[in-house]
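Number of protein chains: 2
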Amino acid sequence: MAKNTYKTVKGMRDFYPEIWTTQLWLSNIFLNTGRLFGYSEYEAPVLENINLYLDKSSQELLEKQTFIVNDRGGDRLVLRPELTPSLARLIVAQENELSFPLRWQSWGRFWRYEQPQRGRGREFFQWNIDLIGIDSPEADAEILTIAATVFQTLGISPSDVQIRLSDRQALQKYLSEKLSLDQNQYKTLLQAIDKIDKMDTKVFAEWLQDLGFSQKQISQLPSLLAKPPANFSPRLNTTLSLIPNDLKDFFTIDLKIVRGLDYYTGLVFEAWATTSTLKRALFGGGRYNNLTQQIGGQKNLPGVGFAIGDMAIFEFFKELNKLPSINSNPSSIFVTTFSPDTYQNSLDLVNFLRKNQVNATLNLDPNLKLGQQFKYASKNNFQYVIVLGPEEIDNNQVSLKNLDTGEQKLISPDQLLSLVS
Amino acid sequence: MAKNTYKTVKGMRDFYPEIWTTQLWLSNIFLNTGRLFGYSEYEAPVLENINLYLDKSSQELLEKQTFIVNDRGGDRLVLRPELTPSLARLIVAQENELSFPLRWQSWGRFWRYEQPQRGRGREFFQWNIDLIGIDSPEADAEILTIAATVFQTLGISPSDVQIRLSDRQALQKYLSEKLSLDQNQYKTLLQAIDKIDKMDTKVFAEWLQDLGFSQKQISQLPSLLAKPPANFSPRLNTTLSLIPNDLKDFFTIDLKIVRGLDYYTGLVFEAWATTSTLKRALFGGGRYNNLTQQIGGQKNLPGVGFAIGDMAIFEFFKELNKLPSINSNPSSIFVTTFSPDTYQNSLDLVNFLRKNQVNATLNLDPNLKLGQQFKYASKNNFQYVIVLGPEEIDNNQVSLKNLDTGEQKLISPDQLLSLVS
Numbered sequence: 001m002a003k004n005t006y007k008t009v010k011g012m013r014d015f016y017p018e019i020w021t022t023q024l025w026l027s028n029i030f031l032n033t034g035r036l037f038g039y040s041e042y043e044a045p046v047l048e049n050i051n052l053y054l055d056k057s058s059q060e061l062l063e064k065q066t067f068i069v070n071d072r073g074g075d076r077l078v079l080r081p082e083l084t085p086s087l088a089r090l091i092v093a094q095e096n097e098l099s100f101p102l103r104w105q106s107w108g109r110f111w112r113y114e115q116p117q118r119g120r121g122r123e124f125f126q127w128n129i130d131l132i133g134i135d136s137p138e139a140d141a142e143i144l145t146i147a148a149t150v151f152q153t154l155g156i157s158p159s160d161v162q163i164r165l166s167d168r169q170a171l172q173k174y175l176s177e178k179l180s181l182d183q184n185q186y187k188t189l190l191q192a193i194d195k196i197d198k199m200d201t202k203v204f205a206e207w208l209q210d211l212g213f214s215q216k217q218i219s220q221l222p223s224l225l226a227k228p229p230a231n232f233s234p235r236l237n238t239t240l241s242l243i244p245n246d247l248k249d250f251f252t253i254d255l256k257i258v259r260g261l262d263y264y265t266g267l268v269f270e271a272w273a274t275t276s277t278l279k280r281a282l283f284g285g286g287r288y289n290n291l292t293q294q295i296g297g298q299k300n301l302p303g304v305g306f307a308i309g310d311m312a313i314f315e316f317f318k319e320l321n322k323l324p325s326i327n328s329n330p331s332s333i334f335v336t337t338f339s340p341d342t343y344q345n346s347l348d349l350v351n352f353l354r355k356n357q358v359n360a361t362l363n364l365d366p367n368l369k370l371g372q373q374f375k376y377a378s379k380n381n382f383q384y385v386i387v388l389g390p391e392e393i394d395n396n397q398v399s400l401k402n403l404d405t406g407e408q409k410l411i412s413p414d415q416l417l418s419l420v421s
Numbered sequence: 001m002a003k004n005t006y007k008t009v010k011g012m013r014d015f016y017p018e019i020w021t022t023q024l025w026l027s028n029i030f031l032n033t034g035r036l037f038g039y040s041e042y043e044a045p046v047l048e049n050i051n052l053y054l055d056k057s058s059q060e061l062l063e064k065q066t067f068i069v070n071d072r073g074g075d076r077l078v079l080r081p082e083l084t085p086s087l088a089r090l091i092v093a094q095e096n097e098l099s100f101p102l103r104w105q106s107w108g109r110f111w112r113y114e115q116p117q118r119g120r121g122r123e124f125f126q127w128n129i130d131l132i133g134i135d136s137p138e139a140d141a142e143i144l145t146i147a148a149t150v151f152q153t154l155g156i157s158p159s160d161v162q163i164r165l166s167d168r169q170a171l172q173k174y175l176s177e178k179l180s181l182d183q184n185q186y187k188t189l190l191q192a193i194d195k196i197d198k199m200d201t202k203v204f205a206e207w208l209q210d211l212g213f214s215q216k217q218i219s220q221l222p223s224l225l226a227k228p229p230a231n232f233s234p235r236l237n238t239t240l241s242l243i244p245n246d247l248k249d250f251f252t253i254d255l256k257i258v259r260g261l262d263y264y265t266g267l268v269f270e271a272w273a274t275t276s277t278l279k280r281a282l283f284g285g286g287r288y289n290n291l292t293q294q295i296g297g298q299k300n301l302p303g304v305g306f307a308i309g310d311m312a313i314f315e316f317f318k319e320l321n322k323l324p325s326i327n328s329n330p331s332s333i334f335v336t337t338f339s340p341d342t343y344q345n346s347l348d349l350v351n352f353l354r355k356n357q358v359n360a361t362l363n364l365d366p367n368l369k370l371g372q373q374f375k376y377a378s379k380n381n382f383q384y385v386i387v388l389g390p391e392e393i394d395n396n397q398v399s400l401k402n403l404d405t406g407e408q409k410l411i412s413p414d415q416l417l418s419l420v421s
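From first to last, the protein sequence lines are chains A and B.
Going by our numbering, the first residue of the first sequence is number 1, and it counts up by one from there.
Going by our numbering, the first residue of the second sequence is number 1, and it counts up by one from there.
Please note: incorrect hints may appear among the correct ones.
Same chains, same names: a pair is fine if it fits in one copy or spans any two.
[Claimed, not checked] Computed list of lysine-lysine pairs in PhoX-like fashion (alpha-carbon distance at most 25 Å, straight line):
| id | residue 1 | residue 2 |
| --- | --- | --- |
| 1 | Lys-299 | Lys-379 |
| 2 | Lys-322 | Lys-355 |
| 3 | Lys-279 | Lys-178 |
Everything labelled a hint here was simulated from the structure, so no lab data went into it.
Okay, chain A solo, but in the shape it has when bound (with noise of 0.2 Å):
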């Protein structure tokens, strides 16, 4: 077999423990700022039935970005692309049990066939937050008020980013009235308003009028978006006086802000990078009021929520300088062994600090020497590195050197053990 039959596969990341403690870092960002407002973690399978998707996901999703897995049974399943059909589901299966309004999030893996590029791979990780069995401002609001307070977190400001938010009801009222369009119409048109911000401006004029709009509506439709009226959503305004006052200035209404997946009803929302090089939304989410019924539930339980890719996150904040250097050994501790007939000693002692809760990591090789040992040390980020030769054995004694401040002094385990602990 050919050393190079065992790569990655394209578009998938190996992560390495510098590289996955970053991963937690971010995750544990996003599921501590959920619990602050209450919500619980729960997972679903990645396998899915193909038909729970058919008809919510964008065909586009679908068709050409799912990998479809053999079921040896015969049925079709598919490595998940999103959650929220999986949220759907799960919350159908017990609306008689579960105590609305739910508040749920996960952090899992999703999988989409994609060109891989910068901030984009086939494979990725996903935070997903969502409120469901409730339909108020005040719900909106709270799920809003999350997105700002991950940002904020983060230690980042509006001036770097913006919550772009529309409502998609409004905007079917507001256009079909002022361009005098009828549903199928207006269907088309919100289709192609999702792919205004990628096109040149003269490009996107010729390709509405390929799709049957007139010159009039085209001109128009420029206007129409950029300088909406004030009363364009009274519940939009609403919703954004229950924002704190201090994360008010991540948001600013956009009505060409419309996202692509058909499940959305009401609020549709998208953080974008004011001042980053990448191209593309940092992650998006709204209101969709008729999921679960479209999947066979019998409760009227409408939802809102969002999700956040871990990939263009991350690169939003290579840009910034934002992304921590974190130690990812998790063992502060090392513990040499002096000779083979002290071994036992150091064993002795790495079992004392284990049993008293201490992370601590023991030389395995009774014939390294010491300065091979304080290499691997220091290569491997410990703090503190301890000898136990034999005068210090004798007196119930330790060495321990402080890696960082090249300190270096002889104390009890005792003592050792509260300096650590």
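Once you have looked at the hints, place chain B on chain A.
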């Protein structure tokens, strides 16, 4: 679309918050034990090229039990059935940069297409812990000590579970000599011994006869396996002498333990519940000294480690009545809203609590009656319910009810903060 197409895929599990909380409890016990011994966390992709497993994982695992995934680029990918081959791949890719010995652990998801049964599903979680780059009895003992420490931490005693261990190298020498076997005969016999515990004695003897073993060999085998000489494996004896005294009772030498996977080269072990009705090992592991070179590595990097799946362990805990009941609600405080016009006051209070890192949940329907709000709080395991009516607001106080004790009192927001943080 009929409702029944939206079922959980066979062999998969939905993790509602109360179940997921137990998963988190278990994974934290595993990962904290690893940290106690200085093991860093890492992760690998869940999709790997099928070639990575050839000649390493058991053929049975590969041919019958993998989920195959269509990479739209044409490669044959599998949903990982185990982690060790990925671990070897990560190490080989950086064998000149990494500092050995490596102490690595991981908690992740795996997939095997097996018949779902008690303690076995098609999607499961597994804790993998491995020590790479050193071949010494001290290293073997560290891995075994970690395994026993997990049981001790979980409150499980040597009368509940035994870690049965053997030495594949010693076994080959011992059986080849005593039964005059050549290399091929030995390999055949080893694969047979792997099934010995699952078969009736007579059926097993007949099977050996079919495999070409003599009556003499067949009749000698049981006593050879049951009563190994004291010097069967000096290495294993040294290893056991390095286990802390309070953990020694967890271990028994048992030559019937050989492990199915082809890559083990020395120490092998399995944990078996002594009293459980589960007819399978709780987990297993061993030493694998050739794995990285087998996939193209240049360095000699011996390894030792083990993996514990979640499902058998959970069944075992259920039998022992050791599954904890954990509140899945991360917030202990429910803040009610008295009326629509005092909603902002309640919102200000939760904002104040959250600013001070106290998890708090707010009612989001300003028109919901107070009685309904109390019902919701009680059903969702909140400890405290807060009422902010016009009188409390005038006096800058909150009314606090402790649902556990029934106690009710008026306190200031600052007093509330010191009570709950």
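Worksheet item: How would you label the pair Lys-279, Lys-178 (within, between, both, or neither) given a Cα cut-off of 25 Å?
Response: Answer is neither; intra-copy 31 Å and inter-copy 71 Å both fail.
Fill in: Intra- versus inter-copy proximity for Lys-355 and Lys-322 (alpha-carbon distance at most 25 Å)
between (37 Å within a copy, 22 Å between copies)
Practice prompt. Please work out whether the CA atoms of Lys-299 and Lys-379 approach to 25 Å or closer within one copy, between two copies, in both situations, or in neither?
Written response: Intra 59 Å, inter 19 Å, cutoff 25 Å: inter-copy only.
When the structure is compared with the earlier hints, a violation turns up for hint 3 alone.
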